[in-house]
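Enquirer: Modelling step: build the complete structure from the supplied sequences, incorporating the hints.
The sequence shown begins at 22 in the numbering used here and counts up one residue at a time.
In short, the hints are calculated from the structure, not lab data. Glycine is no exception: its CB is placed at the ideal position from the N, C-alpha and C atoms. One should not assume that every hint holds.
Calculated pairs, DSS-like style, for lysine-lysine (alpha carbon to alpha carbon, straight line, at most 30 Å) [to be verified]: (1) Lys260 / Lys167; (2) Lys39 / Lys64; (3) Lys307 / Lys184; (4) Lys261 / Lys167.
Distance windows between CB atoms, simulated [said to hold, decoys possible]: (5) Phe186 / Arg150: 42 to 52 Å; (6) Leu292 / Phe186: 26 to 36 Å; (7) Gln312 / Glu185: 14 to 24 Å; (8) Thr113 / Glu152: 51 to 61 Å; (9) Ala241 / Val175: 27 to 37 Å; (10) Gln312 / Thr258: 16 to 26 Å.
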Amino acid sequence: MIDAGSCKNIVSLEAVQKLGLATEQHPRRPYKLAWLKKGCEVKVSKHALVTFSIGANYKDSVWCDVVAMDACHLLLGRPWQFDRGVVHDGRTNKYTLMFKGVKIVLVPAKDPEEVKPTKESSSLLSLARFEDALHDSEVVYILMGKEVDRDVDVPEAAIPIVKEFCDVFPDEMPEGLPPLRDIQHQIDLEPCASLSNRPHYRMSPSEHEELRRQVEELLAKGFIRESRVLRLPTLLTPKKDGSWRMCVDNRAINKITGRYRFPIPRLDDLLDQLSGAKFFTKLDLKSGYHQFALELGMSGRLLLKPGRGCMSG
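Expert: Given below as structure tokens:
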């Protein structure tokens, strides 16, 4: 920085420390500056010989007082301008001097060009656009991209257990219904409730083909069967791996399903019962709706309408 109003040549203490410049005691008694650093006076007790260059043609050395300042790292004041015979043109803000027989003209530095940040596509959906989508269609799909780690290694300690019980961890569900056990589930509808019969949702040809494939697969495995008692529409939703999940819109039958009233256990009491436990187990079924048996006569109440025909399971 060149400052015609400064009576001193000054170098910042940070520049002296980073460049490893040798300092000497100030030849005059220490003095104080108050305008270079906000909030406090700065005591000046040392100076250093600083070698600097401006542009490609001007390289010089000058004695500077060492000051802990915030304005800049090197300030060339009136002493440098007097020693070099610098002439300032206030209109063009240029400094002209003769150095080693060569005329040097120092021009102002150009302001750096403002780089406009590229507009990135936003993944945020405004409330107004979401409401417009709700008005245009009865069903709205929101697809969100998420990176998934496909290479999930099985812990070494669990490998022997998985091999021993390989029939419990199959890649595909076995065909046929699960065996009847002591506990069988039932679906109780409200008395005199009318059964729903809603039209299916519109789908693209590729979605119709995918739905047909999944229905035929469930029929072949014995998980569902043809029925004409009740019809609920089905739809497809994308999974994280790119495949499709078939979903049944059960909202209509949920409205006429009897509510089970039972006391909900307190969470703190359940946690108290785990006091002293060292091992915890969590079971996650591969496809729970196909692994729980319904009471005889209840299977016709879980129905789906895949567009052609009606199935129950």
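Enquirer: If a hint holds in the structure, say so; if it does not, say that too.
Expert: Checked hints:
1. Lys260 / Lys167: holds (11 Å)
2. Lys39 / Lys64: At roughly 20 Å apart (the allowed maximum being 30 Å), Lys64 and Lys39 satisfy the hint.
3. Lys307 / Lys184: holds (18 Å)
4. Lys261 / Lys167: holds (8 Å)
5. Phe186 / Arg150: 42 to 52 Å: At 50 Å between Cβs, range holds.
6. Leu292 / Phe186: 26 to 36 Å: holds (30 Å)
7. Gln312 / Glu185: 14 to 24 Å: Holds, since Gln312 and Glu185 (Cβ atoms, about 21 Å apart) stay within the stated range.
8. Thr113 / Glu152: 51 to 61 Å: holds (59 Å)
9. Ala241 / Val175: 27 to 37 Å: At 30 Å between Cβs, range holds.
10. Gln312 / Thr258: 16 to 26 Å: holds (21 Å)
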